[in-house]
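S.K.: The listed protein sequences correspond, in order, to chains A and B. Everything in the first sequence is counted per the working numbering, starting at 1 for the first residue and increasing by one. Everything in the second sequence is counted per the working numbering, starting at 158 for the first residue and increasing by one.
For the record, the hints were derived by calculation from the structure and aren't laboratory data. Everything numeric in this text was worked out from a predicted model, so none of it was measured. Cβ coordinates follow ideal geometry from the N, Cα and C atoms, glycine included.
The following residues of chain B were derived to be distant from chain A, with all beta-carbon distances above 10 Å:
#1 Ile214
#2 Ile220
#3 Phe262
#4 Phe408
#5 Gly566
Using 25 Å as the maximum straight-line C-alpha spacing, the simulated SDA-like pairs for lysine to any residue come out as follows:
#6 A:Lys78 x B:Phe459
#7 B:Lys436 x A:Thr42
#8 B:Lys436 x A:Val125
#9 B:Lys436 x A:Thr48
#10 B:Lys436 x A:Arg155
#11 A:Lys78 x B:Gly324
So the chains spell out like this:
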Amino acid sequence: MFSAAAAGVGVAVTAWPFIDQMNPSAATQALSTTEVDLTPITPGQQITVMWQGKPTWVRRRTPEEVAQIRAIPNSELKDPQPDQERVQKAEWLVVIGICTHLGCIPNRDNSGEQGGYLCACHGSVYDGSGRIMRGPAPLNLAVPPYAFLSDTLVRIG
Amino acid sequence: MASGPSTYTPSNGLMRWLDARLPIVRFANDNLLTFPTPKNLNYSYTFGAILLYCLVIQIVTGIVLAMHFVPNAALAFNSVEYIMRDVNYGWLLRYIHMNGASFFFIAVYVHILRGLYYGSYKDPREVLWILGVIIFLLMMATGFLGYTLPWSQMSLWGANVITNLLGALLGTDFTQWLWGGFSVDNPTLQRFFSLHYLLPFVILGVSVLHIWALHHVGNSNPTGIDPKGPQDTVPLMPYYTAKYFFVITVFTIFFAFVVFYAPNLFGHVDHYVEGNPLKTPAHIAPEWYLGAFYAMLRAMDFNFLFIDSKLLGVLTMLGAIGILFIVPWLDTSKVRSANYRPVYWWCFWIFVADYAMLSWAGLQPAGVILLQTGVGADGAPTGFSITHLSQIGTAYYFAFFIIIMPLLGLFETPRALPESIAQAVLGKKRGGGAAAPAGAAAAPESRV
Ligand code: HEM
Ligand code: FES
Chain A
1 MFSAAAAGVG VAVTAWPFID QMNPSAATQA LSTTEVDLTP ITPGQQITVM WQGKPTWVRR
61 RTPEEVAQIR AIPNSELKDP QPDQERVQKA EWLVVIGICT HLGCIPNRDN SGEQGGYLCA
121 CHGSVYDGSG RIMRGPAPLN LAVPPYAFLS DTLVRIG
Chain B
158 MASGPSTYTP SNGLMRWLDA RLPIVRFAND NLLTFPTPKN LNYSYTFGAI LLYCLVIQIV
218 TGIVLAMHFV PNAALAFNSV EYIMRDVNYG WLLRYIHMNG ASFFFIAVYV HILRGLYYGS
278 YKDPREVLWI LGVIIFLLMM ATGFLGYTLP WSQMSLWGAN VITNLLGALL GTDFTQWLWG
338 GFSVDNPTLQ RFFSLHYLLP FVILGVSVLH IWALHHVGNS NPTGIDPKGP QDTVPLMPYY
398 TAKYFFVITV FTIFFAFVVF YAPNLFGHVD HYVEGNPLKT PAHIAPEWYL GAFYAMLRAM
458 DFNFLFIDSK LLGVLTMLGA IGILFIVPWL DTSKVRSANY RPVYWWCFWI FVADYAMLSW
518 AGLQPAGVIL LQTGVGADGA PTGFSITHLS QIGTAYYFAF FIIIMPLLGL FETPRALPES
578 IAQAVLGKKR GGGAAAPAGA AAAPESRV
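Start from the sequences and build out the full structure, keeping to the hints where you can.
M.R.: Here it is in structure tokens:
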């Protein structure tokens with residue numbers, strides 16, 4: 001009994017470095033925040049920055065867009081969440097531009113009624129808050145952790 | 158490991174000395190020369206040899222490609238182009254390796270379907286079958302990993318879709334562990350290369366076990382009845398080795414035709430565009446040999462009980478492979494060969510067509526409407542789509558294993574089996590057919 005347990009612990013302790021080496025390395029971890037200067041972004045415009053190797057959108061929404069987005073009732077949503085909970089300032093949307101279905105990158109789709117996004121891979125439609133409206137994706141676009149360092153500077157991560 | 162007693166007698170003193178210390182010549186003699194094989198094996202039984210041939214081709218071409226390939230996200234794509242343009246005969250080596258994967262899968266599909274047709278997985282060949290399914294799984298993993306190496310749009314996004322699938326099952330901590338980062342990136346490519354190099358040798362090892370199991374129980378054969386003595390068998394050499402040489406030559410002609418005249422036949426244009434993490438190609442297609450599994454994944458666009466559609470898709474896809482492991486216990490019929498099972502014969506060929514259809518469907522863009530019946534609110538056509546077709550295909554795939562296989566054994570009336578292999582072979586030669594009904598009762602098999 002005891003020797004089996006000791007051997008088990010020994011194997012686990014030996015195996016761990018071989019397993020853990022596959023996790024993100026210190027160098028990769030070190031690149032895990034990104035700062036974005038907001039001054040060049042005009043109302044209605046969106047830029048894509050890379051955060052942890054993931055395309056992340058910073059979009060400056062117009063008051064009309066915000067009004068339109070907030071008019072969508074929660075009951076119409078697959079993954080209900082009010083827009084207010086998804087943004088820190090109504091004007092600025094910060095989301096990870098990776099479809100929650102299988103990881104494609106949706107495109108800005110201004111033709112859509114929500115001024116949102118369409119994922120061409122399997123047809124998921126998101127609104128201007130990155131919330132899933134239709135299609136196979138189960139969840140809203142993820143909101144990364146971020147903080148406004150000043151009115152014109154955001155740190156993601 | 159060969160079935161039956163060894164027939165080897167060392168020819169001189171030196172061989173006797175060696176035989177007493179390392180009986181390697183005896184081993185080769187018993188397994189490669191005198192190994193008794195049923196007289197009536199047809200060409201579908203030569204695909205095992207073809208598979209071994211394919212594995213050797215992949216390993217040899219792979220090792221030389223690895224001398225020029227650079228497993229780095231910034232350099233990989235260019236290094237493949239460098240292989241294609243500048244390395245002496247690099248184009249040939251890459252095209253052999255690239256198309257070799259496709260031909261490997263053509264051969265493995267024939268080999269597996271042969272097994273399903275002739276009931277090769279039944280007692281006593283269950284372990285042999287399971288080892289085969291493991292090889293099939295390893296081949297799919299190797300093919301997928303290899304496809305990511307050129308770091309093209311297809312490589313990058315294929316890797317994205319597949320790793321995200323596993324993430325649906327095992328969570329983000331797992332995907333980050335798999336990626337070595339927060340997205341598919343350089344660390345991912347490097348480990349995929351390492352594993353792509355490793356797995357073929359694991360396949361080689363499992364193949365040794367597979368052939369060991371085969372030589373322990375002996376080949377099955379088209380009648381499904383066991384050889385009753387030497388009159389039913391011939392030695393492997395020269396009878397089947399001659400057949401292997403012929404069939405490998407024919408296989409190589411087709412293979413060479415594709416390599417030289419249509420090297421991108423199985424390919425996709427986006428595989429020649431360098432990977433861009435900011436832009437998804439309009440349509441991500443897996444390689445053709447994974448198409449059926451991809452179709453089953455996408456077919457699950459609905460939630461089932463508490464399982465959401467994404468997880469359901471993953472479970473369906475994994476289940477489609479997993480179910481192969483238990484086939485020996487799902488099939489309740491004691492008759493092995495479909496030649497003597499009139500109903501199973503039909504179910505089998507429908508299954509083949511079903512699998513081909515799924516493979517095709519998996520390569521099409523998901524939403525394509527095949528039969529338009531109307532127009533949706535947004536003006537897009539609605540009707541019978543690729544997804545619906547895939548759902549039907551998926552349903553039959555599982556029904557074949559879970560419903561048809563267990564039930565047919567109970568309700569099907571098999572045809573009369575011949576007395577022996579020799580009789581089946583000679584009976585045919587006389588043109589008469591083996592008429593004498595043997596042990597098989599002309600009633601549903603009685604189950605004990
Ligand atoms: C089971 C056997 C194998 C299969 C099914 C397989 C499959 C593949 C596939 C599908 C590709 C992508 C080809 C392309 O699209 O360009 C590939 C690439 C590659 N494979 Fe393999 N492979 C096998 C064995 C090996 C071995 C043993 C090595 C040895 C190191 C190797 C080294 C490479 C390299 C360096 C590449 C990248 C260059 C290229 O894309 O042509 N492969 N493999
Ligand atoms: S990945 Fe976006 S819909 Fe499938």
